[in-house]
Each structure stands twice: as C-alpha cells, then as structure tokens.
Amino acid sequence: MTYSYPFIGRWAAIWAHRNMLPHGGKEVILKAMYALLWSVALPLGVPYLLLSGRGLRERLGIWGKGLPAAPLWAHAASMGEVRAASAVVAWLLNFKPGVRVLFTTTSSTGRDLARRRWGCAYLAPLDHPLLVRRVLRNVRPRAVLLTEGELWPGTIREARRSGIPVALINGRISERAFRWYSRFGSIMRRAIGSLDLLCVQSYVDGERFVRLGARPERTFVVGNVKGGEPEGEPLKRDALRSSFGIHPERPVLVAGSTREGEEAVLLEGLERLWARWPDLLVVLAPRHLERLGEVERLLREHGVRYVLRSRMGRDLPQVLLVDTMGELTKFYAMADLAFVGGSFVPLGGHNPFEPASLGLPVTFGPHMRQEGWERLCEDGAAVMVHDAAEWAKVAFRLLEDPNLRSQMGRKGREHAARLREAARRTAELLISHGIV
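Per this note's numbering, numbering through the sequence shown is continuous, rising by one, with the last residue being 440.
Be a bit skeptical, because a hint or two may be false.
As the list claims (entries may be wrong) - Each computed SDA-like pair below joins lysine to any residue, with the alpha-carbon atoms no more than 25 angstroms apart:
| no. | residue 1 | residue 2 |
| --- | --- | --- |
| 1 | K100 | G317 |
| 2 | K334 | G376 |
| 3 | K240 | I250 |
What the hints assert, rightly or not - Now the in silico label distances, taken between C-beta atoms and shown as ranges:
| no. | residue 1 | residue 2 | range |
| --- | --- | --- | --- |
| 4 | R254 | K397 | 18 to 28 angstroms |
| 5 | G167 | E331 | 39 to 49 angstroms |
| 6 | C124 | R379 | 27 to 37 angstroms |
| 7 | F99 | R315 | 14 to 24 angstroms |
| 8 | R141 | P350 | 40 to 50 angstroms |
| 9 | R379 | A268 | 24 to 34 angstroms |
| 10 | S246 | G438 | 41 to 51 angstroms |
| 11 | R401 | R313 | 25 to 35 angstroms |
| 12 | G249 | A421 | 25 to 35 angstroms |
I should point out that these hints are in silico values taken from the structure, not numbers from a laboratory. Glycine included, every Cβ here is placed at the ideal spot set by N, Cα and C.
Work the whole structure out from these sequences, hints included.
So this is what it looks like as structure tokens:
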C-alpha cells in the first residue's frame, strides 16, 4: 500500500478551486433549511419510531446512566461498518489501553454486534442540533470517529463547536453518493472541510472527498480496514486436531454459517467428494442452532453418518454437526477447505475473511455480497461458484492439490495482512494527529 500524506498538487488545487465559492448568505440559508427539515421530520418520525419499537429513546439521545467517562465515540451505520470501526478501535487500544469506547449505529443489528464486542452501544441520535447537543453534554467524548460514508452535518458541526475532534475512518464515497452530496453544496463542503482527519480506502475516494471540501493535508489513503483487527494468538492446526481426535492427514472441510436450503446443495456435491475421499470429515455449522432438527433430518434422509459436537467421541463419522456457539474459528483453523454459508441463497453471504486470514482456501456461492469479496477472489484467496456441481469440482481440485491449497492459503494471509496494516496505520494517524 502506498501512503501519500499530505496530499498536495492536483488535490490541493481541487480543494482551493472548490472552496473559492462564496459562502455568506447562501450558507446561512442552507443551514437554516437543514435545521428546519429536521424540525419538521422529528415530530413526524417520533410516532413511527414509537409504533415500530425502533429505539425511540436512543434515537432521541436518551441513553440512561452508566456511560463511560470521556469515551471515544465511534459511529457506524450497520454491521459491516461496525466491523471496520472495531478493527481501528482494537488497534487504538493496543497503543492506548486506557481508552474507553462508546459505539453508535443506525441499525439495531449493528448496535447489537457493537454491544457484544464493546459493551457500550446505542442507536445514534437523529441529526437534529438539540439532540446532538444533549448527547455531547452527557457523553463528553474525547473524539468522534465516523465510519465510511456516515457524514452527518449536524453531528460534525456540534462536535466541532464543542471543541471535539472529528475524524472519518475507512472513508469511501460512491459516484452516486458523490453526486448526491454535491447537491448540498455549502452544507456538505463545510461539514467535510471541518473534519480533522480523513482516512480513506482509495485514491478515487480521496479525490472525491477533496472535491467536496476535505483538506488535502488531512486526507490519507490507507486502504480498507474491515477485518484488520490485530492478530490474536495463533491457532495451531495439529494441536487443535489432536484435541478433537482428528488424524493430522484426514481431510477436513468446514461449511460455516449455512442457511436454510444450503445443506441440500452441499450434500449434492459432497457425494462426489466422499466417493473419492471416504474419510473426508465435514464440519457443518448452521448459522442458527434452532435449525439443527431440520438439518439432522436431512442428513438422515441422505444416509449420512453424523454426530453432534456436544456428543462427539474420539471416532468421528462423515459429518460433525456443530450445535455449540463460538467454535467456528477453531474449526476453520484445523481445516483444509472452507465453504462460507448464506451465499447459495440470496442472503448476501457471511464472513469469508476469517477463514481466508487463517490460511484456508475459501469457497462461496453466487449470492456473496460481503464488501470486499471481489478483492478476495482477485487476490486468489477465494473462489465463487454457482451451483453444487461447480462447487464439487472446485472442492475436488483443492482437496486433490495441496500445493494449490497452500497457494490460496498464502494469498488469504497476505490479504489479511494488508487489512491489518490499513487498520494499524489508521490508528497511528489518529494518534499522531491528536485525535485520540
């Protein structure tokens, strides 16, 4: 990854040209209109939030007691953005262990993920000045981190008025979003221009932010940070296999986070694999444990011998059906090949980066939509397949060729190392610029 800091030349010229536009009366009018829109939307939105049960109190900034003192306020839209912000926060805590963290999100699923990971998480307040001021008074954050495209003018303005630094991490902006933000002229230019630091994913993202008002000397290309948390204690394959009573040479395939309908597709392909490798162990980990009965019936109908993880002995049959929580990483670490579920059905797929980071060749179906999956394939760490026959063909080749498995595994580790470097560099920039 090439880092350019500060950005000068063309970007500085772009920024100077964009910010020569007059402010004055037009800007005052636009700010007043923005506040007015929220003042109108707020009473209209409250009944909806009340009836839908979508966290009315939290969206109004009523978070109760027990908030951490002077926390780092990290805001992310949903689960993907929470993972990105979490990677940077984890590196920050590596460098500054005493930092307290508070997360906000715009989705309940993102909030729940952040709460499990960090403890303190709420739905973000609506971007009305009065609500944002209340939160800032109650929380008194040391800094605000916005993630990817979460640029809320009211929050940025009120934080800066209170002397609280605001930074954008893992910043990105699509062409469509760029055109949309451009329509708001002075509002977005002033908000983006007041950011203390922007760490963006690509040069294109950086140029777009500069065109929208970002200061070139505060804008840095660091790459994508999602999945870039510091590396934990290495999991040792042979030791893990020994603990489960699995022979070091036995082929192991993990199907992680499978969803309804996917086990049937996999079993169709597995028949060919078992014909070639009768001792192939398939670790089958459904995403939702309430589906275990349904999966067991399917295995029995296909005449597949299986055992539940909670009842396993030293002799493992064809399938180890995982009925426990929190062990998928261990199973990936001792496997030869992974299939990532939620991808043979139109659900967007689950996390392909974890098995790749562990040096495992990764396969998934045509519905994978996790951000960054294309790069994983381009790097040679993963393969997308479209049906059972194609998956069986790819899996057959990988099980047959240890050199190919090793090559894909190495590519996966290299991909993960780039993500970690981007997250680490982001944390370093936040510290060196006095944000944290």
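- Message: For K240 and I250, compute the direct alpha-carbon distance and say whether it is at most 25 angstroms.
- Response: Holds. K240 to I250 sits at ~13 angstroms (cutoff 25 angstroms).
- Message: Does the beta carbon distance between R141 and P350 stay inside 40 to 50 angstroms, or does it fall outside?
- Response: holds, 44 angstroms
- Kindly confirm whether 24 to 34 angstroms is satisfied by the beta carbon distance between R379 and A268. holds, 30 angstroms
- For the pair we were handed, K100 and G317, check the Cα-Cα distance against 25 angstroms. violated, 44 angstroms
- Going straight from one Cα to the other, do K334 and G376 come out at no more than 25 angstroms? holds, 23 angstroms
- Task: May I ask you to test the hint 18 to 28 angstroms on the CB atoms belonging to R254 and K397?
- Result: holds, 22 angstroms
- Okay, S246 versus G438 on CB: inside 41 to 51 angstroms? Holds, since S246 and G438 (Cβ atoms, about 49 angstroms apart) stay within the stated range.
- For the range 25 to 35 angstroms, tell me whether the beta carbons of R401 and R313 fit it or not. Distance hint for R401, R313 holds at roughly 29 angstroms.
- Task: Starting from the range 25 to 35 angstroms, see whether the pair G249 and A421 falls in it by beta-carbon distance.
- Result: With a Cβ separation near 32 angstroms, G249 and A421 satisfy 25 to 35 angstroms, so the hint holds.
- Task: Mind checking the hinted window 27 to 37 angstroms against the Cβ distance between C124 and R379?
- Result: For R379 against C124, whose Cβ atoms are near 32 angstroms apart, the range 27 to 37 angstroms holds.
- Query: Between G167 and E331, is the Cβ distance one that fits in 39 to 49 angstroms?
  - Reply: holds, 46 angstroms
- Satisfaction of the hinted span 14 to 24 angstroms by the C-beta atoms belonging to F99 and R315: violated, 44 angstroms
Checked against the numbered hints above, the structure breaks hints 1, 7 and satisfies the rest.
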